[in-house]
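Visitor: Protein sequence lines, in the order shown, are assigned to chains A and B.
Sequential numbering of the first sequence, starting at 941, is according to our numbering.
Sequential numbering of the second sequence, starting at 2, is according to our numbering.
Each hint should be verified, as a subset may be incorrect.
[Stated by the list, open to error] Computed from the model, here is a short list of chain A residues facing chain B with C-beta under 7 Å:
| id | residue |
| --- | --- |
| 1 | E1085 |
| 2 | D1089 |
| 3 | Q1094 |
| 4 | H1095 |
| 5 | D1148 |
Source of the hints: derived by calculation from the structure; they are not laboratory data.
Model, not experiment: these values are computed from the prediction.
Don't be surprised by glycine CBs; every beta carbon is placed ideally from N, CA and C.
As a plain string of letters, each chain reads:
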Amino acid sequence: MRAPSATDIAAGEVILAVENVSLGFGGVKALTDVSFDIRKGEVRAIIGPNGAGKTSMLNCINGFYHPTEGRITFKGKTRPKMRPHEAAAGGIARTFQNVALFKGMSTLDNIMAGRTLKMNRSFFWQILRHGPAMDEEIEHRKFVEEIIDFLEIQHIRKVPVGKLPYGLQKRVELGRALAMQPDVLLLDEPMAGMNLEEKEDMCRFILDVSNQYGTTIALIEHDMGVVMDLSDRVVVLEYGRKIADGTPDEVKRDQRVIDAYLGVAH
Amino acid sequence: MANHADARAVSGAHDTFPKLLALNAQRFGTRPATRHKDLGIWHSWTWSEVRDIVRHFALGLRALGLRRGDKVAIVGSNRPRLYWSMAAVQSWGGVPVPVYADSVADEMAYVLEHAEASIAVVEDQEQVDKLLSISDRLPKLTHIIYDEERGLRDYDHSRMHSFEQVQANGRAAAADPAQAKALDDEIAASKGSDLAIMLYTSGTTGRPKGVMLSNDNVIISARNGGLFDRLNENEETIAYLPLAWVGDNIFSYGQSYVLGFCVNCPESAATVVEDRREVGTSYAFAPPRVYENLLTQTMVRMEDAGPFKKKMFHYFLGVAKEWGEKILNKEPVPLVARLKYALGEVLVYGPLKNRFGLTSIRVGYTAGEAIGPEIFRFFRSLGINLKQLYGQTEASVYITAQPDGEIHADTVGKPNIDVEVKIDENGEVLYRSPGVFLGYYKDPEKTAETKTPDGWVRSGDAGFFDPKTGHLKIIDRAKDVGKLRSGALFAPKYVENKLKFYPNIKEAVAFGQDRDFATCFLNIDLTAVGSWAERNNVSYGSYQELAGHPEVIKTLTAHVDEVNRSLAGEPMMAGAQIRRFLILHKELDADDGELTRTQKVRRGFIGERYAPLVTALYDGSKRGHIRTEVTFEDGRKGVIEGDVAIVDMPLHGTADTFREAAE
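Excised from the complex, chain A in its bound form (with noise of 0.2 Å):
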C-alpha cells in the first residue's frame, strides 16, 4: 500500500510532525523532547551550534534512527518504526553532509540511481533491457535529463563523480534526490565548504526547486545569512533542546539564540 500522496495535503497544511522526540545513545542524550512540525511547500531550516542534535534529528525523520521517545507523523500516518527505504518509498529525499555518491559512477548513472523506486518493471525485464523496461527507462531518462538541465551540469553528464570538484558533487547529490521527486527534501548542509559564488548557485536552485516543483524542503545550515534568506521557518537546537521556532526575524531577535550562538558572559 502507498502512504496517501502529498496532492492529498494542501499547501501549508502540515505534512510533517515531529512531537516529543527524544533519542538516546546508552548515556549520550542526542535529543531531548523536541517537537516541530513541517508544513507544506516551505522552505524550513534546522539550525544550531555544533553538536546540537540536527544531523540526529533528520536521520529520525528518514529513518536513519529510531526515536527513543516520540513519535513522527508524515502525510497523516504515525511510524513508530519508519526504515529509510520505506521514507523513500513514501516520498521523503535527503543529501548527506558529506557527499554520499557512487564516486565510479558518472552524473549521468548517479541520478539515474535515485530514479530506482520509481522502475517498476520487474528485474527479469531490467536485465533483458528491452520492451517495457526499456520504454520506462527512456521515459526516466528524461526526468533525469530534465534534472541535468535544472541543475545545468550538462558538462559533466558523463564524468565520474569522484573526479569533479566538491561544489559539483553537491549538486549532483540534489540531482539524485530531486529525482526521486520527493514530497520532502532533507538536505544536511547543501552549502558546507562552498566558496561564495557556488553559495548563490545552490540558494538559487534550492528556491527554485521550492518554486518551480512546490517541494517541501528541511535543510540544516550554519550559514546565518543563507539561512535567513532562504527559510520560511526556522527551528533552532541546542544540546538536543529546541530552544526557539519561528520566522527567520523572530528567531533572530530571540535572546536563547543569540546567546547559543554568541556564548553568555558569565
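Model the placement of chain B on the given structure of chain A, informed by the hints.
Guide: Only chain B this time, still in chain A's reference frame:
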C-alpha cells in the same frame, strides 16, 4: 563557378532573410535547418518547420506592436529561438540588434538606449533581471520576451511574455486571413537595400558604435564567401560565438539562410567541445583563442599520458610537422613519408581530430586576431584545412581570405570575391565591397571619418601586400603603429602577438610610443603555467603568487628573449625589442574594462589604469607597486594590491642569421 556572375549582381528576388526562408522551405523543405541539444538529445527543425515558427512568432510580435523600422534587442547565448527571432523581426522590416549576453547591465543599457529598442527577446532569467535593473533608463522598451521560463513564474507579466505565448498568439492570428496577408505584404515590401541588422562593435576605444548592415550587405557577402570556399547546403556548423559578433551573424545566420545548411546550437557554453564532437562540423570558424585552447588542453593532457602513448604522440606529431602540410597542399611527398603519415592518421591524428570534433572538417577559419604560426601549423599538419581570414563588422566580415592551397602562417590572404583592397600612403588598408556597411547608427560624423563618399572604408589597420605571395599582411592597428623616440618603428600588437604565441603567456601589452625603448606587461596563462606548477611540485596559493614565482619569471624571461631575437631578425622591427618587462599580478578582464568583449587588449586604458607600473618600467626601479580595483562576476568591487618584479632584458644585435624567424 558557373553562377559566379549572379553572385556579383544584387541579391536578386530573394533579397531579404524572410524571402530566403520561404525559398529554403520550398527547396530544402525536409532538410534540417536548426539543431539544438536539449535534455541530452539533439532536436532538429526542418526549413519548413522553421518557416512556420518564424511566421507565427512574427505575427505574435505584431500584436505586441512591432512596426517597420523598430529595433528589437536580442540577448542571450546561441539558442535557436533567438536566431528565429531575428528572421521574425525582419519579416516586418524590423531591425534585430544582438547584444553581447555577458555585458554588464550598464553596457547593455547604453546599447539598448542608443538603439532605441522597443522589444527585447532574451534567453533567461539572468538577462531579464539585467534588463529590469536598467528599465528606468529604457523608457522605449515596452516588452520583454524570454525563451527559458525557469525562475520567472512569479514575475510581473504585464510587459513580459514567454516565447511560446507570443508564438501561440501568432498561431491564432495566422488563422485570420487579413493578418496573414498583412505579413505577406510586409515581407514582399522589404528590399535588399533596407536596413537588415545593427551590430554594435565592441570597440577598443570609446563607446560601442552601431554598425548598420543592409540585407544586400549580409546576403551578398554570405553568398560570395560561400562561393569562395564552394560551400553548399550539406555543411554542418556549430553556433557558439556571441550573437552580437558579425562573424556569428554571417556564419550561423546569413550563410545558413543563403546556402541552406544546418546550424547546430550547443547545449550550453560548457559543452561546446563535446557537442562539436557529436556534430562533426564541416565548416568551422573560431578566433585563434579557441584553437590555442584546444592545443593547450591536448598538450596538458598528454603530459599525464603513459610513456608509450606519449612517445607515440610526439613521434607522429614530428612526422606530421614534416609532411602534413605538404600533403594537405597536395605537394609531391615521398612514399615512405606518406605511409608514415597514414599510420599516424590511424594512431594519432584521426583520434585527435575526433576529439576536436574536426574529423569531417572541410574549411576552418581563424580570424579576429593573429594566430601563432606554431598553432596554425599544428592544426594544418593534422590535415585540418585551417585558413586565415581578415574581416570587419563594417565589411560584413569578408575582406581577404586564403584560397585553398595558398596558405601562409603570417598572411591573411587575398581579397575575397567582389572586394577591392588598396593601401593608403600612410600604410592603412582600405576596402570597398558589396558588404560595406550603410553607416554608424546616429553618428554621421564617425561614418564620414570611416567611409569615403565613393564607398571606400578605412579599416584602421596598417598592412601591406607581400610581394612574394600577393597576400595581404596586417601589422597592427594603424593608429597604434608608432615610433620610439629614436625613430624606430614600434608596432605594439605585432610584438604582443609574438609573445602570446607562447602557451605560458595569455596576454601581453606592449608600451613604447614616444619612449626611449619598448617594454611590456605579461599575463600568465593559468592552465599552462598551473599545469607546469603541478608537475614540478611548485605550490602556490593564488594567481598572484604563481605569477610572481621566480621560476615562472625565469621561464617568461626566456620567452621574451626569444621574441627579442626574432625581432632582431627583422630589420624593420629590430628597434622594438623589449628592454624591460613585468608579469601582472592579476588577469586582464573584460569586466574591469581592460579587454573588449571580444577579448582584445585595450592598451590605452591599461596604460592609465596601471600608470604606476608603466612609470616603474621606465624609471629603472627593480619593483613596481600597484593597487587596482576589480569587479567580481556578481558586480561587486574589490581591491587587489600587488608588488611585481621588473626584469631587464639584454638586446640582440640585428643579424641576418635570424632571418628565418620572420619567414
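Visitor: Give a verdict on every hint.
Guide: Evaluation of the provided hints:
no. : hint  : in the structure
1   : E1085 : holds, 4 Å
2   : D1089 : holds, 6 Å
3   : Q1094 : holds, 5 Å
4   : H1095 : holds, 4 Å
5   : D1148 : holds, 6 Å
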